[in-house]
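Using the hints, position chain B against chain A.
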Amino acid sequence: MQGDVILDCKGLSCPMPILKLAMAIKKLEVGKVLEMYGTDPGSKDDVPAWCGKTGNSLLEVVDTEDGFTFFIRREK
Amino acid sequence: MSESGAKNKGSLRELYDVFFSKSWPMWVGGILLGVGNICLFIVLKPWGASGGVKNWGDNLFNLMGGDFANMGAVNLFPYSVLCIMLLLGAFAGALFSKQFALRFPPIGELFKGLIGGLLMGLGAVVGVSCTIGGFFSGWPALSLGAVVFTGGLVVGTWLAVKYLLFEVNKFPKLSSGKTYSILDAGKGKGSWQPILGFVVVIIGMIVAFRYTGTSSVLAWFAPIGLYLGLVCQRSRFCVVRALREPFMSGSSKPALAVMAGILVSMFGFVVLKFMGVRGEMIWVWPHFWVPAIIGGTIFGFGMTIAGGCTVGSLWRAGEGHIKLWASIIGMMVAMPFTAKFIKPAFFDALPDSMKQMFFLPEKIGYGPAVGVFLAIMLLWYLFVKWNERTGKFSAY
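For the record, the sequence lines run as chains A and B. Counting from 3, one number per residue, gives the positions in the first sequence under the numbering used here. Counting from 635, one number per residue, gives the positions in the second sequence under the numbering used here.
No lab work stands behind these hints, which were simulated from the structure alone. Just so you know, not all the hints are guaranteed correct.
What the simulated footprint calls covered on chain A by chain B, stretch by stretch (three residues with Cβ under 8 Å from a Cβ of chain B suffice, anywhere in the stretch; the number is not a length) [to be verified]: (1) 9 to 15; (2) 18 to 25; (3) 36 to 44; (4) 50 to 58; (5) 64 to 70.
Simulated crosslink set (DMTMM-like; lysine to aspartate or glutamate; CA at most 20 Å straight-line) [as the list claims (entries may be wrong)]: (6) K821/B x D47/A; (7) K823/B x D65/A; (8) K22/A x E62/A; (9) K28/A x E801/B; (10) K732/B x D818/B; (11) K28/A x D6/A; (12) K656/B x D47/A; (13) K812/B x E67/A; (14) K78/A x E37/A.
Covered stretches of chain B (in silico footprint by chain A; criterion: 3 or more residues with CB under 8 Å from a CB of chain A, positions within the stretch not fixed) [unchecked claim]: (15) 724 to 737; (16) 800 to 811; (17) 881 to 890; (18) 948 to 960.
All values derive from a computational prediction rather than experimental measurement. Where a beta carbon is used, it is the ideal one built from N, C-alpha and C, also for glycine.
Okay, chain A solo, but in the shape it has when bound (with noise of 0.2 Å):
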């Protein structure tokens, strides 16, 4: 699978990933998808989370060599 639009949030910790995600999927066209990295495990947690109350769609989640990559569809 491959995003639209890619977000580096590798390094960070709470709550750079998910206040730089928001940011992004607004920036983003309905319908296309970002393409985030990260490395908290918070993050496994939070992005789920915040796309289920967003109701924006979480599409996968990929284990990495280093840490994940979530696959998110803007929706509205």
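Chain B alone, transformed into the frame defined by chain A:
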């Protein structure tokens, strides 16, 4: 291996996964920390965090020839030992769940960690409290100053959230740039982490055992610290989130977790105080109301910039976040200097009526005092739930 042997191994694996495959709900952490808090009060006094880190700083600067407070060596002052063991416990928790890695953030973030830590150190000394001593333990101690301090924390947190939103919008570069992550347990790596986790716990228990000959208090504080750190890391328990989320995502879960912990602690603390087992004025600080509101506001701002209060910094440091190491260094620097050069003049300038120890049951009795605290918590609960539904105060 025989079939039943394999099944036993499978059962053990299942048990291990219960604790270490997913994060625990934060409210479970809150309750477990409340129980740990009562244990600490039975052993000596309730949970507190910044006193321990201040002691690290005092010792460091005394070693460098300074003349700062002397509460004892880092391995003999109970709260200092508690903080070290808490960090170790979080380290073990992160290792068991393969979540440890040394995570170097962009330089701007390191700087924010340091500034946040400096502000927390300033606020903790001026306000005679932090989120643990003046909130998580202060409310159960039925100290009205703790409520004022918490009010300050809310104000500081709210201001800092405004700042963070401004920063991410206007200066996104500050939180981007080169980052490194080493020793991580990514895909297919890191099977050494759980093994090292066991080693850390065993070392921690040996340390605790070695205290049994000299100090029963330390012999208990050491393993309880280990336990607190493990619980914090596994449940990602975070007072900053409890106060911040209403202004950010609107989630009420972290606030409920803190309330759960306060409720459990209050049960135990009231029994210990009411029955005369422990002194009534313990954890009732002389900060009602001016030091509490000023210190709380500064501390609240600092912890939100740093991304963790004193305990939040300690357990995240144990998980390997270098930003929170910077925050701890900031606190270690700010606290000794504030205590020596700022706090005395500040407190001298205040009339006694503005720096009181306010133990609520002294004025209205235990029953009504507990009732007042429960009522405040009910209002807090209704607020976060209403805000979660309506998003009135949330940024997104």
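Hints violated by the structure (listed by number, smallest first)
none
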